[in-house]
Amino acid sequence: MTTFRNAAAAFAFLLSLLFSGLAAAQSDPAALFDQLGKANFAETEKIIAELGKTGDVKLVPAFEAFSAGDLYLRKEDGKVFVARGTGATLQLFNPATGEATGEAAKGALTKLKVNNTVRRAINNALGGLTLLSPDKAVRFAAAQAVLKSPSADNLALLEAALEKETDSGVRTIMEEAKAVSLLSSDRPVDQKKLAIETIKKIGGRDAIGILRSAEASVDASLKPDIDKAIAGIEDTLKLWDAAQNVWYGLSLGSVLLLAAIGLAITFGVMGVINMAHGEMVMIGAYSTFIVQEFIRQNAPELFDWSLAIALPVAFVVTGAVGLVLERSVIRFLYGRPLETLLATWGVSLVLQQAVRSLFGPTNREVGNPSWMSGSFQLGGLAITWNRLWIILFSIVVFLALLALLKRSAFGLQMRAVTQNRRMASSMGIKTPWVDAFTFALGSGIAGLAGVALSQIDNVSPNLGQSYIIDSFMVVVFGGVGNLWGTLVGALSLGIVNKFLEPYVGAVLGKILVLVLIILFIQKRPRGLFALKGRAVE
Amino acid sequence: MTETRPRSLLYLDNVCVSFDGFKALNSLSLVIEPGELRAIIGPNGAGKTTMMDIITGKTRPDSGEVFFEDSVDLTKKDEADIARLGIGRKFQKPTVFESHTVWDNLELALNRKRGVFSTLFYTLTEEDKARIEEILATVRLGHRSHELAGSLSHGQKQWLEIGMLLAQEPKLLLVDEPVAGMTDAETVETAILLKEIAKTRSVVVVEHDMGFIRDLGVKVTCLAEGSVLAEGSIDYVSNDPKVIENYLGR
Amino acid sequence: MITQFLLRGFDRKIVAVLFVLLAIGVLVPASNLLLSPENPLHVPTYAMSLFGKYLCYALLALALDLVWGYCGILSLGHGAFFALGGYAMGMYLMRQIGSRGVYGDPVLPDFMVFLNWKELPWFWHGFDMFWFAMLMVVVVPGLLAFVFGWFAFRSRVNGVYLSIITQAMTYALLLAFFRNDMGFGGNNGLTDFKDILGFSIQADGTRAALFAATALFLALCLAIASGIVSSKFGKVLVGVRDAESRVRFLGYRVEHIKLFTFVVSAMMAGIAGALFVPQVGIINPGEFGPGNSIEVVIWTAVGGRGTLIGPIIGAVLVNFGKSVFTGAFPEIWLFALGGLFIAVTLFLPRGIVGTIQHRFKARQAMKAARDAESGIDSDTKIQPAE
Chain A
1 MTTFRNAAAA FAFLLSLLFS GLAAAQSDPA ALFDQLGKAN FAETEKIIAE
51 LGKTGDVKLV PAFEAFSAGD LYLRKEDGKV FVARGTGATL QLFNPATGEA
101 TGEAAKGALT KLKVNNTVRR AINNALGGLT LLSPDKAVRF AAAQAVLKSP
151 SADNLALLEA ALEKETDSGV RTIMEEAKAV SLLSSDRPVD QKKLAIETIK
201 KIGGRDAIGI LRSAEASVDA SLKPDIDKAI AGIEDTLKLW DAAQNVWYGL
251 SLGSVLLLAA IGLAITFGVM GVINMAHGEM VMIGAYSTFI VQEFIRQNAP
301 ELFDWSLAIA LPVAFVVTGA VGLVLERSVI RFLYGRPLET LLATWGVSLV
351 LQQAVRSLFG PTNREVGNPS WMSGSFQLGG LAITWNRLWI ILFSIVVFLA
401 LLALLKRSAF GLQMRAVTQN RRMASSMGIK TPWVDAFTFA LGSGIAGLAG
451 VALSQIDNVS PNLGQSYIID SFMVVVFGGV GNLWGTLVGA LSLGIVNKFL
501 EPYVGAVLGK ILVLVLIILF IQKRPRGLFA LKGRAVE
Chain B
1 MTETRPRSLL YLDNVCVSFD GFKALNSLSL VIEPGELRAI IGPNGAGKTT
51 MMDIITGKTR PDSGEVFFED SVDLTKKDEA DIARLGIGRK FQKPTVFESH
101 TVWDNLELAL NRKRGVFSTL FYTLTEEDKA RIEEILATVR LGHRSHELAG
151 SLSHGQKQWL EIGMLLAQEP KLLLVDEPVA GMTDAETVET AILLKEIAKT
201 RSVVVVEHDM GFIRDLGVKV TCLAEGSVLA EGSIDYVSND PKVIENYLGR
Chain C
1 MITQFLLRGF DRKIVAVLFV LLAIGVLVPA SNLLLSPENP LHVPTYAMSL
51 FGKYLCYALL ALALDLVWGY CGILSLGHGA FFALGGYAMG MYLMRQIGSR
101 GVYGDPVLPD FMVFLNWKEL PWFWHGFDMF WFAMLMVVVV PGLLAFVFGW
151 FAFRSRVNGV YLSIITQAMT YALLLAFFRN DMGFGGNNGL TDFKDILGFS
201 IQADGTRAAL FAATALFLAL CLAIASGIVS SKFGKVLVGV RDAESRVRFL
251 GYRVEHIKLF TFVVSAMMAG IAGALFVPQV GIINPGEFGP GNSIEVVIWT
301 AVGGRGTLIG PIIGAVLVNF GKSVFTGAFP EIWLFALGGL FIAVTLFLPR
351 GIVGTIQHRF KARQAMKAAR DAESGIDSDT KIQPAE
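Just so you know, the sequences run in chain order A, B and C. If you use full-length UniProt numbering, the first sequence closes out at 537, no skipped numbers anywhere. If you use full-length UniProt numbering, the second sequence closes out at 250, no skipped numbers anywhere. If you use full-length UniProt numbering, the third sequence closes out at 386, no skipped numbers anywhere.
Please note that a few of the clues may not be correct.
[Claimed, not checked] List time: in silico PhoX-like cross-link candidates among lysine-lysine, alpha-carbon distance up to 25 angstroms:
#: 1; chain 1: A; residue 1: Lys106; chain 2: A; residue 2: Lys53
#: 2; chain 1: B; residue 1: Lys242; chain 2: B; residue 2: Lys219
#: 3; chain 1: B; residue 1: Lys58; chain 2: A; residue 2: Lys523
#: 4; chain 1: B; residue 1: Lys76; chain 2: A; residue 2: Lys523
#: 5; chain 1: A; residue 1: Lys523; chain 2: B; residue 2: Lys242
#: 6; chain 1: A; residue 1: Lys111; chain 2: A; residue 2: Lys136
#: 7; chain 1: B; residue 1: Lys195; chain 2: B; residue 2: Lys93
#: 8; chain 1: A; residue 1: Lys53; chain 2: A; residue 2: Lys201
#: 9; chain 1: B; residue 1: Lys23; chain 2: B; residue 2: Lys195
[Unchecked claim] Taking beta-carbon pairs under 10 angstroms as the criterion, some of the chain C residues facing chain A (in silico):
#: 10; residue: Gly126
#: 11; residue: Met129
#: 12; residue: Trp131
#: 13; residue: Phe132
#: 14; residue: Phe146
#: 15; residue: Val160
#: 16; residue: Leu162
#: 17; residue: Gln167
#: 18; residue: Lys194
#: 19; residue: Phe335
#: 20; residue: Leu337
#: 21; residue: Ile342
#: 22; residue: Pro349
#: 23; residue: Ile352
In short, the hints are calculated from the structure, not lab data. Being a predicted model, the structure only gives us computed values, none of them experimental. Just so you know, even glycine gets a beta-carbon here, dropped at the ideal spot from N, CA and C.
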């Protein structure tokens, strides 16, 4: 019994040896690898493609080794191995199976040369091979790799993989990869037509590139389809570009809104031109810096909370500076707007120099908490987290302020003072204190803006200077005394700016916006949302 | 249209204007004859000042016609044009050039060429000098002619402003509350002065002071809510039940 | 007519200041050129150039005072007119370099060769001629002021709104001149000048002549400004400042009055800029900075706006202070300047000259009132109500 079984096993082994020997000429991986030893680059490419077609996942490490330059030819017998290690002796492994097969002196081996074409071929083959990997993530990555560098060689493999594939996400990518690969293959025209449709659905600049390069090689009858697909993709792209510009515009607009909204309050309610408003923003940003430094030194685990802590700190610090400023300078200048402008400009110089003396003239490092960094993709939009948070933050600040003005007792007093100062004061409203706290509120909001801006701009003593003119433009454009005007003003200026930028460049775009505002003010001297009638005079 | 209209100095027909939904003037019609002195009364917000704004080109009406001397459409002109046509205006709050002397105030108001270069190279002629001195005498400010207008009393500023209007040689004078803040003696003087002025030109006076209006003894128009409520002699108007209800009675 | 116009402006104070200016214009260069360096009265060249710079600033402040002090238009963009005048002069000086530049191109300035430009942009033509460049020194700022003012004054933009948009104007120009494609040397501006009208710009004689020219032009502009201010037009101007609507209802075209003054003022600022550039040897976009324009306002405010002599004194004093401070304690200068802004607006709103004049006038008025009281004014029937 045992003998017979042994004999049968031996026979089967012999048979298999025989068959494998016959097949080796064509597709035995080990033999193919050995052929690499003598092949030139063109032949190497072919061999790699052959190896790829086996669909054998075990070959992956060998390919990776080849790409990394770890594939060697043993001079004595012309066999090819993967060799690893450092020093004079290297460990040898069978490329087809990955088994260790002893070691050899470095001198007895010759490295197989790799150039870029070979490397590309390897990557293609790898892409095909890993398509069959049992690991879903690996398959997904492989399908994407094929999609990035399509090749007709992978087509059969892709189709095989698609038959087995169960995961819908991976399937989609594979379908797309198949379509892309199909275009450069010799498949029939109707299949290619379908492929073009699939590619159109992928969209994006890469798809256009693929279609363009395919256009040269495919059948002439397909050209209209390709052109149509390209046009379709371009239309979609334009839409996404516009959406992206709107997004950038909203982002800039939210920054402008933050910077301008405090100004809208002091200007709108009190008629005070606060040229030091930008410096309040700057102080807010420095408050963030100080809070972060403190956290770094004392409680690094709280770093992700640093902005949440900085917000009230900045609000209180700048609010207090504003209160002092109002009590010590501005209150003596009511009814003299031009003098107020000059005095606050003086204050801005003093504050700038004070910060420069305290913190030095260079930029200070303010870090992004983890939830503020990075970005994500939404359709064709690239959205960075910090911009998204700043937009949300500016909306929250705006709504909170609106609620404060409309719903609180302080807001009511503030509005009363705006509309009729004398009447308000004779009704028992302490107008000087309303003024002082209104100014403190405007300054405090500037401080909040500073916290937000510290995340996207350089924190330096000049931070405020770069925003002051823009914020004034927003307030003047939107109309004084109306928060909605400020909102609309900020967003529309932001969006117009970002739409002009691609056509004329950032600087010229900004100049154009300034010129447009100057012209606009001629038309509506009191801004977009102006009060009308006798009350204005 | 032009044929059927009575010969008038100032003609307002169906003038409407609104600010943010509030109707300041609601189809107001008014005719001032040449040489007429007219008093206009009415509660706050009746549209008196807005009417003056419309006539002097400060505000544009939403609809309606405003004609000067039957032919000039005032809605198409701006303040300076209208002033040059011969319509002078005194504001509710006396508005004079406080950092100029009384003399300079009148010199600026003189009806001479007002272009940039004519004023740059202007020199005071004997004729102009005489005219200024005459006006100074009329408004009783001769002794203070070289003092700054800012140092005048409230009543004197009112008078200086009237003097400036005279220097403008207007055909029509619009006077907004000329006796506000004046003493009784000053009020009486002002009434005499205005009547004197009205001998040579038309005057429209807006006033709250009924005693003053009575002193003037002229046709009265009562405005309320942007349109004419009653028109006639002071006795007629002050006995009108609508006027009593809307204005006098309260 | 013109002489009469000017003569009217020559009141005693103005004549005295004109005389002082002309004397400075003669004596300083003379001392620099004729006296030996050992002589205690010798003015060294650097000091003369520095003082010449102050006089340019004084002219700029005078120009600003004409619109702000007399007409009530607070322009925060006068630095732009100054810089445009400076650029016009700078372009002339660039063209004078000829083939002596680093790249040796006979026509193109160095920065154009560096940017690979093949030919001169159209707006650089003509600037090789002195008369044309000098014309542009007043025409370009005047034209900008005209266009800007025409729009702004016609639609009655005033007060802080006007201030803010003048600031936006100079800011827009700042951004524009920073661009290399504008053709004005971008960031670096125009510099490395060699000579002016054939005289080396570094020579003591040229510097002395430039100083004299600055003093002369300052005197000339002061005379013109004084003529304007003391004419009937000047009275209208003050009227516009104090009670704009009254002026309008008297039948004056306020927009024309403002426009004329704004344009004249811009031209003076342009001249100041043109005199400034050869003395400091460079013009760059930084001159358009909004901060510069506001600084001019403070010179004017310190000296006394609404007086013609005030801005001249203010500009010289503040800039002298700046030279001293930035040399000795650079850290403190911005504190001092900022403090000056606050202090002047709070405690000295009339400025130095204005305060002195006011005291003087108040004393006179008191004297006049005493005189009046001793006499009997029989024609007053109206007693003051207050």
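Pairwise hint evaluation, Lys136(A) against Lys111(A), where the allowed Cα distance is 25 angstroms at most: 34 angstroms, violated
Hint check: 10 angstroms Cβ-Cβ cutoff, Lys194(C) to chain A: This interface hint is violated because 31 angstroms lies over the 10 angstroms limit.
Restraint satisfaction for Ile352(C) [CB to CB of chain A, less than 10 angstroms]: At 16 angstroms from the nearest chain A Cβ, Ile352(C) fails the 10 angstroms test, so the hint is violated.
Ile342(C) as an interface hint toward chain A, with CB separation required under 10 angstroms: 4 angstroms, holds
Distance restraint between Lys242(B) and Lys219(B), which requires alpha-carbon spacing of 25 angstroms or less: Satisfied, since the Cα-Cα distance of roughly 17 angstroms is no more than 25 angstroms.
Agreement of hint Phe146(C) with chain A interface, Cβ distance less than 10 angstroms: 14 angstroms, violated
Proposed proximity, Lys195(B) with Lys23(B) (alpha carbon, max 25 angstroms): Measuring from Cα to Cα gives roughly 33 angstroms; hence the hint is violated.
Pair hint Lys523(A) and Lys242(B), alpha-carbon separation not exceeding 25 angstroms: 43 angstroms, violated
Proposed proximity, Lys53(A) with Lys106(A) (alpha carbon, max 25 angstroms): 32 angstroms, violated
25 angstroms limit on alpha-carbon distance, applied to hinted pair Lys195(B) and Lys93(B): Cα-Cα ~21 angstroms, so holds.
Holds or violated: Lys76(B) to Lys523(A), with C-alpha atoms at most 25 angstroms apart: Between Lys76(B) and Lys523(A) the Cα gap is close to 18 angstroms, so the pair holds against 25 angstroms.
Hinted contact Trp131(C) with chain A - closest CB pair below 10 angstroms: 31 angstroms, violated
Hints 1, 5, 6, 8, 9, 10, 11, 12, 13, 14, 18 and 23 from the earlier list are contradicted by this structure; the remaining hints agree with it.
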